[in-house]
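Undergrad: Residues per chain, in single letters:
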Amino acid sequence: MNRRRAAITTTLAAAELVGWAMVRPPLAWAHGSEAPGSPAGRVVWPDSSGYTRTERAYAVPDVVLTDSEARPVRLRAVLESGEPVMVNFIFTTCGTICPVMVKVFSEVPGKLGAEAQRLRLVSISIDPENDTPARLKAYAREHAAGPRWQFLTGRVQDIGAIQRAFASYRGDKMNHEPVTLLHAAAGKAWVRIDGFASAAELASEYRKVLVK
Amino acid sequence: MQLRAMLGTTIAVLSLVWLPGRVGAAAPADDVAEALRLQGQRMYREGLRPSGAPLSAIGAAQAVISGKEAACMTCHRRSGFGTSEGRITIRPITGPALRQEITVPVRSPRIRARLGSSVRPPYTEALLARALRTGVDAAGKPLDAAMPRYELSDAELEAMATYLFSLSAQASPGVDDQEIHFATVIQPGVAPEERRAMLDVMQAFVRDKDSNMRQDEQRREVGNMRMYRAYRKWVLHVWELQGSSDTWRAQLEDLYREQPVFALLGGLGTSSWQPIQDFSERFEIPTVLPQVPVAPQALQTQYTFCFSRGVVLEAEVLARYLREQGAAGRIVQVYRPGHAGASAAAALRQTLAGSAAAQIDDLQLEGASESAFWRRVAAMRPAVLVLWLEGADLAHATLPATGASLPVYLSFQLTRGQHPDAARLGGADLRLVYPSDLPPRHDARLLRSRFWLHNKGLGPGDETVQVNTLFTMTIVSDVIGHLADSFSRDYFVERLEHVVGQTPMPSIFPQVSLGPGQRYAAKGAQVVQLAEPGGGGMKALSGWIVP
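Chains as they are written, first to last, in our numbering: chain A, -16 to 195; chain B, -16 to 530.
In case anyone wonders, no lab produced these hints; they're calculated from the structure. All figures in this text were calculated on a predicted structure; none of them were measured in a lab. Accuracy of the hints is not assured; some may be wrong.
Unchecked claim - Just a few of them, taken from the derived set where beta-carbon distance is under 8 angstroms, the chain A residues facing chain B:
1) TRP28
2) PRO29
3) VAL83
4) SER151
5) ARG153
6) HIS159
7) ASP177
8) SER181
To be verified - With a Cα cut of at most 27 angstroms, we get these calculated DSS-like pairs of lysine-lysine:
9) A:LYS120 <-> A:LYS94
10) B:LYS192 <-> A:LYS94
11) A:LYS86 <-> B:LYS51
12) A:LYS171 <-> A:LYS191
13) B:LYS192 <-> B:LYS216
14) B:LYS51 <-> A:LYS120
15) A:LYS191 <-> A:LYS94
16) B:LYS51 <-> B:LYS216
17) A:LYS171 <-> A:LYS120
All C-beta atoms, glycine included, are put in the ideal place defined by N, C-alpha and C.
Bound conformation, chain A alone (with noise of 0.2 angstroms):
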């Protein structure tokens, strides 16, 4: 029993001193470096914190969507267009992964400038009878999506033909996990991006594609 007592404090002791020794320094606060009234701590974050990047040939399913304006899009002429394409899956009533996913969206042209020109931004819904054109549109709306971003749903078989093609298929939305995927043009590989990136490593990531 003094043991396990033992290695339970020993345990806990190691923890709080890795926890403390995985420190990165806090972004800037709207009132300074560090959090205001707080104690003497500073924000701590995991170390499994980050993405997988890999490279992928995904062949894109001849589908035919529906905009947030209602309007027939085909699949093929948005995502291999030979314009550089950011994809991610979300649905509108999703409450922890999605909102991350588009709030990065939404500031990656930000970090981009000038950049970001030539490069489209497309959400898919994996709620499609839910997430109508109309519904699409007022969330874009609310996340102040920019022309270059579009919003698609369409049938239920063709969402889920679009997942499995990108091997994203988990089922019901509610087994969903983060994943962006980026293409140069039409006939490069794909990069797959799995888990939370920030806008400044999505950045990062597109203009590595470019440059290949």
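Chain A is already provided as a structure; the job is to place chain B on it using the hints.
TA: Only chain B this time, still in chain A's reference frame:
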């Protein structure tokens, strides 16, 4: 020794997620504390500080978030029990959860993968402040990257702590140590076959549930597995409303005072569900999938879940279909004023409003459905006839034979399989707005339900009501299982949102799903042609339309 430690571990870890509702601090009684609690609630639900300014934080991916997007409720949900999305598990932050001490590391790799190996003391106000500002838990371990790190003053933290330590600290009414109580509400004027269909399924289901098939009652007393201690006997009450709808709310309140219930299951009605919905919202009682032709139109209800938007959905689907077909010429709609059909007619008119080509005229049926009335309909020379009427009214409809076959549209919701004879309608081309699917897929999907009905000795009846009721009872049972012994209505609502899309039990609707804040499970329909000349069943005229 090893086994006992493992069991102890399991319970301790399960305690992190499933906690008895009764344990924990109740909200402090005095006014100042209550004011703090409400301030905390506003931050929690709306992301607004006591000053009215938005909350600000750094979230995942270093995104700066504020206001509603930084509100705790977005991820931890209204109940505070949290949820999961993909591989991200959002932990409970209810009062009892925060006050729980987790002392033993998890050794099972499977449980660790799911819940992590949390080892932490109970949260105090100071530890909570540290967690929210710097992102380390009560044991000093960094919180997940998805958890924001907040900018909060000491006063704001006090309000937040007051709220969180009281959040979901008590079980909802309608549950005691032995039983969980449910009620089903039936409006007057419901057809006897529908009433019988629903109650037969409910009573058979509850009878099975309470038959102690898995020796649940004995398992409660022996062993230390929390899931058995969560077992409650189901008690179903039937609340039959009488008289006019403006007395229903008072009747419901009397019934509820007499016997508090945890939730309202199913329900039947031919007129507006609004009074029952109002009762449900006021007392914060979940109402699960009543079968009514006109769904409550207040879209943002917290507690009432509907299968679909009923005849209004059908009208919007039909309007889109007609527009796609290039609706031209005179469209005549027939409905009874003050009935469900009136809402449908209004919705069709509104959806087609932009289409210049369509001319829509309404004809209201009052009194008996007699030949004199139908002569008036014929005299209007419609190019398209839309009948928002029930089977009984359609049975007496007659139209003269014209040269061309007149397209006549019917509502599935209102006719319930009682279709008029095309010959009596002058050889009309009968069509139906149909929210279900066609054979063979339809029958393959419903096989499971039909076997159950057969095995319970429930003979032919209103199959739509039977199948939908079995669906409702099954998902409620699944959700109650998920709650274990955390009998929180808000948690029930959140779990319902989560599981509806994943259940293998079918309903009459081929596609059902919900999500956070969603309240209508089925969102589409198709237009079908009834019996082709020369026999044959329904034939699809349109694809699946989601308005």
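Undergrad: Each hint should be assessed against the structure and marked as holding or not.
TA: How the hints compare with the structure:
{"no.": "1", "hint": "TRP28", "verdict": "holds (6 angstroms)"}
{"no.": "2", "hint": "PRO29", "verdict": "holds (4 angstroms)"}
{"no.": "3", "hint": "VAL83", "verdict": "holds (5 angstroms)"}
{"no.": "4", "hint": "SER151", "verdict": "violated (10 angstroms)"}
{"no.": "5", "hint": "ARG153", "verdict": "holds (7 angstroms)"}
{"no.": "6", "hint": "HIS159", "verdict": "holds (5 angstroms)"}
{"no.": "7", "hint": "ASP177", "verdict": "violated (10 angstroms)"}
{"no.": "8", "hint": "SER181", "verdict": "holds (4 angstroms)"}
{"no.": "9", "hint": "A:LYS120 <-> A:LYS94", "verdict": "holds (24 angstroms)"}
{"no.": "10", "hint": "B:LYS192 <-> A:LYS94", "verdict": "violated (58 angstroms)"}
{"no.": "11", "hint": "A:LYS86 <-> B:LYS51", "verdict": "holds (13 angstroms)"}
{"no.": "12", "hint": "A:LYS171 <-> A:LYS191", "verdict": "holds (13 angstroms)"}
{"no.": "13", "hint": "B:LYS192 <-> B:LYS216", "verdict": "holds (8 angstroms)"}
{"no.": "14", "hint": "B:LYS51 <-> A:LYS120", "verdict": "holds (19 angstroms)"}
{"no.": "15", "hint": "A:LYS191 <-> A:LYS94", "verdict": "holds (14 angstroms)"}
{"no.": "16", "hint": "B:LYS51 <-> B:LYS216", "verdict": "violated (40 angstroms)"}
{"no.": "17", "hint": "A:LYS171 <-> A:LYS120", "verdict": "violated (31 angstroms)"}
Comparing the model with each earlier hint shows violations of hints 4, 7, 10, 16 and 17; every other hint is respected.
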